[in-house]
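Undergrad: Given next are the chains, with one letter for each unit.
2 protein chains.
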Amino acid sequence: PGKKVLIVYAHQEPKSFNGSLLKIAVEELTKQGCSVTVSDLYAMQFEPRATRNDIVGHLHNSEAFNYGVETWEAYKRGGLSKDLVQEQKKVQEADLLIFQFPLFWFSMPAILKGWMDRVLVQGFAYDLSKAYDGGLLQDKLSLFSFTTGGGQEFYSKEGISGDIRYVLWPMQHGIMHFCGVKVLEPHICYAPEHASEEKRKEMLTAWTQRLKTLWKEEPIDCSPEWYFK
Amino acid sequence: PGKKVLIVYAHQEPKSFNGSLLKIAVEELTKQGCSVTVSDLYAMQFEPRATRNDIVGHLHNSEAFNYGVETWEAYKRGGLSKDLVQEQKKVQEADLLIFQFPLFWFSMPAILKGWMDRVLVQGFAYDLSKAYDGGLLQDKLSLFSFTTGGGQEFYSKEGISGDIRYVLWPMQHGIMHFCGVKVLEPHICYAPEHASEEKRKEMLTAWTQRLKTLWKEEPIDCSPEWYFK
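Protein sequences appear in the order of chains Y and P.
For the first sequence, the positions run 1 to 229 when UniProt numbering is used.
For the second sequence, the positions run 1 to 229 when UniProt numbering is used.
To be clear, the hints were calculated from the coordinates, so they are not data collected in a lab.
Be aware that a few hints might be false.
It does not matter which identical chain is used: a pair holds within one copy or between any two.
Stated by the list, open to error - Here are the simulated DSS-like cross-link-like pairs (lysine-lysine), alpha carbons at most 27 angstroms apart as the crow flies: (1) 90 with 212; (2) 82 with 216; (3) 15 with 76; (4) 130 with 157; (5) 229 with 157; (6) 229 with 31; (7) 76 with 201; (8) 157 with 3; (9) 216 with 229; (10) 199 with 90; (11) 130 with 31; (12) 31 with 76; (13) 182 with 157; (14) 82 with 4; (15) 15 with 201; (16) 157 with 4; (17) 201 with 229.
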C-alpha cells in the first residue's frame with residue numbers, strides 16, 4: 001500500500017493476452033493501494049530510435065555525433081527531449097518497474113528495447129564506476145513479465161531453444177542489475193496463443209495470485225550462477 | 001568473387017568507429033569482387049516499431065491485431081509494406097549478412113532489433129516446423145560485428161559482465177540459427193572510444209585482414225556448448 005509501480009507495456013492490441021496481463025496487474029495493484037502508472041508504448045507511439053532529436057539545443061560535439069556522450073551531457077544540463085524526461089520521472093518515482101511484453105526473437109520488441117536505450121542514459125541510470133550494485137537506480141525492484149510463442153518444452157537446457165534464463169541475462173543482468181535495480185523472478189506465460197481457454201484462464205489467475213504476495217518476494221541473486229549454473 | 005553481401009548497419013555517425021568498420025568492409029569486399037549492399041538504418045530512418053502499418057490493405061482479423069499472424073498472412077498474399085519487401089529482397093539475394101553496430105545494453109540498438117522483428121517474418125524466414133537447421137534462409141552466412149563500451153576485461157566468465165558469448169546467444173542462435181542461417185565467429189572491437197589512436201588503427205587493420213580470408217572460414221557450431229560450456 002502506497003507503493004508506486006510503473007508498468008512499461010509493449011503490445012499493440014488491448015484484447016491480447018498481454019493486454020489481459022496488463023489489466024490484471026493494474027487492477028490488482030490498485031486494489032492493494034499502490035499507485036500504478038502505465039507507459040503504453042505503442043499507444044504513445046514511443047520513438048525507439050536513438051538519434052540527435054533526443055537532445056534539445058546545441059550538441060556537445062557537433063563534428064561527430066556520439067549518442068552516449070550527447071545524452072549524458074544533455075542529461076546534466078537538463079537538455080533531453082521531453083518524452084525522455086517524462087519517462088525518467090516515472091522511473092525515478094517508481095518502487096517497482098514491471099515490463100510486460102511478448103518475447104520477440106529471444107528478446108524485447110524493438111519498441112521496448114528503444115525505451116531502454118533512450119531512457120536509461122548515463123548520469124540518470126548509471127555513471128562512471130556507478131554500475132551494477134552501485135548503479136544509480138537504487139531501492140527499486142523490476143519484474144519481466146512476458147509471453148512466448150514456443151511452448152515450455154523448447155526452453156530447457158536440453159531443448160533446442162535453451163534454458164529460458166539464457167535470454168533473461170541481457171535484460172535482467174545487463175540492463176536492470178547494471179542500473180542498480182533489483183530483479184524479481186520473471187513471470188513467463190508459455191505459448192498462450194496455442195493454449196486452451198481453460199489453460200489461458202489458469203495462467204491469468206496465476207498472475208493475479210502472484211501479485212497478491214509480490215511485495216513479500218525476495219529478489220533473485222542476479223549473478224551468472226542464476227542464469228548458467 | 002561474385003558473392004553478394006548485405007551489411008545492415010546501425011550507427012548514426014559516418015565518422016564513428018562503426019562507420020570506419022563499415023567503410024572497410026565495403027571497400028575490401030568490393031575489391032574482392034563481391035557485390036555489396038548496405039542498409040544504413042539511421043540514414044534510411046528505418047521504422048523499428050511492429051505495427052499495423054506493416055500490412056497493406058485488409059487485415060486477416062481486424063477484431064484483435066496479432067502482429068505475427070498478420071505479417072505471416074500478408075507475406076503469403078504479397079501484402080507487406082514496401083520497406084519490408086525491399087529488405088527481404090536484399091536478404092534473399094545475399095550470401096552473407098553482416099550486422100555492424102555498437103552493443104547497446106547487452107544487445108542490438110533498437111533500430112536494428114526492429115529490422116529483425118519486422119523483416120524476418122513467418123513464411124519468409126521460418127515457418128511451421130521450419131526452424132533452426134530447417135529454417136527458410138538456407139545457404140546463407142551471417143556475421144555479427146560490433147563495438148562495446150566496456151573493456152574486454154569485463155567480458156569474461158569471471159568478469160562482472162560475464163562471457164561475451166552470453167549476449168551472442170539471442171542474436172546468433174535465437175535469430176540467425178532459428179532462420180537456418182549459418183553463423184561465422186563474431187567480430188568484436190572492445191571499447192574503441194577509450195583506446196589509443198594506435199590501438200584503434202590496429203583494430204581496423206585486424207578487420208581488413210579478417211575479411212581477406214573470410215570466405216575460407218567455417219561457421220561456428222551454433223549450439224549451447226559454444227555459448228555456455
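Undergrad: Could you work out which earlier hints the structure fails to respect and list their numbers in ascending sequence?
TA: 2, 6, 7, 8, 10, 11, 12, 16, 17
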